[in-house]
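Participant: Got chain R sorted already, so can you dock chain V onto it with the hints?
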Amino acid sequence: MSQITIQAEDISIRFKDRLLFHIPHLKFGPQEAIYLTGGNGVGKTTLLKILSGLQSPTTGTVNLQNQSWFARLFKSNGKNGVIYMHQTPYMFDGSVLDNVCYGLKFALKGRQEQRSEAITALRMVGLETLANEHISVLSGGERQRVAMARAWVLKPSVLLMDESSASMDKESIERQVVLAKDLLERGSTLVITSHQQNALTALCRRQWCISNSKLIERADLQLIKKDKDNYAFG
Amino acid sequence: MNIWQTTQDAVQLLFSGDMALWGIVGVSFSVSLLAITLVLVPALVIAFALAYGKFPGRWLILSLFNTCQSIPTVVIGLLLYMTLSRAGPLGDWQMLFTQKAMILGQMMVCFPILVSMMHAAFQNSDRRAWETALTLGASLPRALLSLMWECRFPLLAAVIAAFSRIITEVGCSMMVGGNILNSTRNIPTAIALESSKGAFAQGVALGMVLLILALGLNFLLSIARGKAHLRTN
Chain R
1 MSQITIQAED ISIRFKDRLL FHIPHLKFGP QEAIYLTGGN GVGKTTLLKI
51 LSGLQSPTTG TVNLQNQSWF ARLFKSNGKN GVIYMHQTPY MFDGSVLDNV
101 CYGLKFALKG RQEQRSEAIT ALRMVGLETL ANEHISVLSG GERQRVAMAR
151 AWVLKPSVLL MDESSASMDK ESIERQVVLA KDLLERGSTL VITSHQQNAL
201 TALCRRQWCI SNSKLIERAD LQLIKKDKDN YAFG
Chain V
1 MNIWQTTQDA VQLLFSGDMA LWGIVGVSFS VSLLAITLVL VPALVIAFAL
51 AYGKFPGRWL ILSLFNTCQS IPTVVIGLLL YMTLSRAGPL GDWQMLFTQK
101 AMILGQMMVC FPILVSMMHA AFQNSDRRAW ETALTLGASL PRALLSLMWE
151 CRFPLLAAVI AAFSRIITEV GCSMMVGGNI LNSTRNIPTA IALESSKGAF
201 AQGVALGMVL LILALGLNFL LSIARGKAHL RTN
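So the protein lines, in turn, are chains R and V. Take the first sequence: its position 61, counted from the start at 1, is 61 in our numbering, and no numbers get skipped. Take the second sequence: its position 11, counted from the start at 1, is 11 in our numbering, and no numbers get skipped.
Since the hints were derived computationally from the structure, they do not count as laboratory data. Every value quoted in this text rests on a predicted model; they were computed, and no experiment measured them. Honestly, I wouldn't trust all of these hints.
As the list claims (entries may be wrong) - To be clear about the criterion: a stretch of chain V counts as covered by chain R if any three or more of its residues have a C-beta under 8 Å from a C-beta of chain R, and this derived list gives those stretches:
id, segment
1, 116-130
2, 135-141
3, 145-152
Said to hold, decoys possible - Non-contacting residues of chain R with respect to chain V, defined by C-beta distances greater than 12 Å in every case (computed):
id, residue
4, GLN7
5, ARG18
6, LEU26
7, GLY110
8, ARG205
9, SER213
All C-beta atoms in this analysis are idealised placements derived from N, C-alpha and C, irrespective of residue type, glycine included.
Excised from the complex, chain R in its bound form (with noise of 0.2 Å):
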């Protein structure tokens, strides 16, 4: 797994004449864990989406951007190593298996070494025995450990978690927590967002909060724990 920087400069989001966002300057590299606040329509799925190269900003550049089209026509886009998952993730007609394989099949590896990869990412999230079920059986909460177990297996330099522990129990985030914190281990960056604090927000030690179209962040913030259930930024 190669560890990069993303670094975007001077980028913005225009709808006709409403700015969501303006972002002079943005850096963060690899081991890094940053929690992005912010209101309901403020821009976080956006700036994640742009940060992970799906959307173009109307201002600015990412440092990501710069496969040109005839590169993406030929090449798979796996070198980006830039994951971004769905607040409702989105999972392709097939088994359980196929969905978390699909990602591996860019990846150059054999169909055995992609199907033993796959069920070890399974068994993380507690989903190996629903391996070949398909799909459509599986309820929100689960999908969301699917998509966590198919990004997790692709090993990628940046997770951006877009509200992904949105449905989960408190079993299925702490399962999501052990492979962040593996991904963190192994030089990932992590940029997630969530309205409510759980175990996920608390692997975090930075905070970006966006609110009347600008970026706050608020560096080295340690989340201490309040009472059992609750954390908050201390």
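Facilitator: Coordinates of chain V only, in the frame set by chain R:
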């Protein structure tokens, strides 16, 4: 005219291995299959670009394609006839009254249908499928293939509709093909000719072939697209 007797004669004709009849069937299917194969990939790419791309004039182009669907095949045949006739701009190609002209005509008939219906399929697809494929490392063509698999039901419906339209059209084939036996006579033009002569048995037999092959095609496509699972999100 006795309908029962005509049907019996038609069945007999089908199973007697009448070379003229099966020759007509061969022309019909080779021409239509080649026509739809040649336009399939460009239609897919244009439909995708119209649904997922953001560029000025997108809706104008789409409206033009939608309008082209309603042009009668005989009008397309007439335009092509004028273009390919000796006095026309492409007269030197000497394509009039050949299978190539029929293929060209049928491509013009089915292209707008494919673009319009495939656009509707992509427009109703889930954008997350495209984004998920890209973010998990797929190249653009692989991501497009994944998206096509996700909306294979409406896409195959578009192919069936377009193929049905060209395999059954008379106007264009008659105009630019000329209904020449063993060369450009296909099922619809043969039915029109035989019926005008009062020889209904061959017309009914050819009609049966069309129905049977349409049924076979639908079975094949049903197998190809696999099981259906309704999405819950």
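Participant: Each hint needs a verdict: does it hold in this structure or not?
Facilitator: Hints versus structure:
1. 116-130: holds (count 3)
2. 135-141: holds (count 7)
3. 145-152: holds (count 3)
4. GLN7: holds (19 Å)
5. ARG18: holds (18 Å)
6. LEU26: Given that every Cβ of chain V is farther than 12 Å from that of LEU26 (chain R), nearest at about 19 Å, it holds.
7. GLY110: With a cut-off of 12 Å, GLY110 (chain R) remains clear of chain V, as the shortest Cβ separation is near 17 Å.
8. ARG205: Non-interface label on ARG205 (chain R) holds, nearest chain V Cβ at 25 Å vs cutoff 12 Å.
9. SER213: holds (23 Å)
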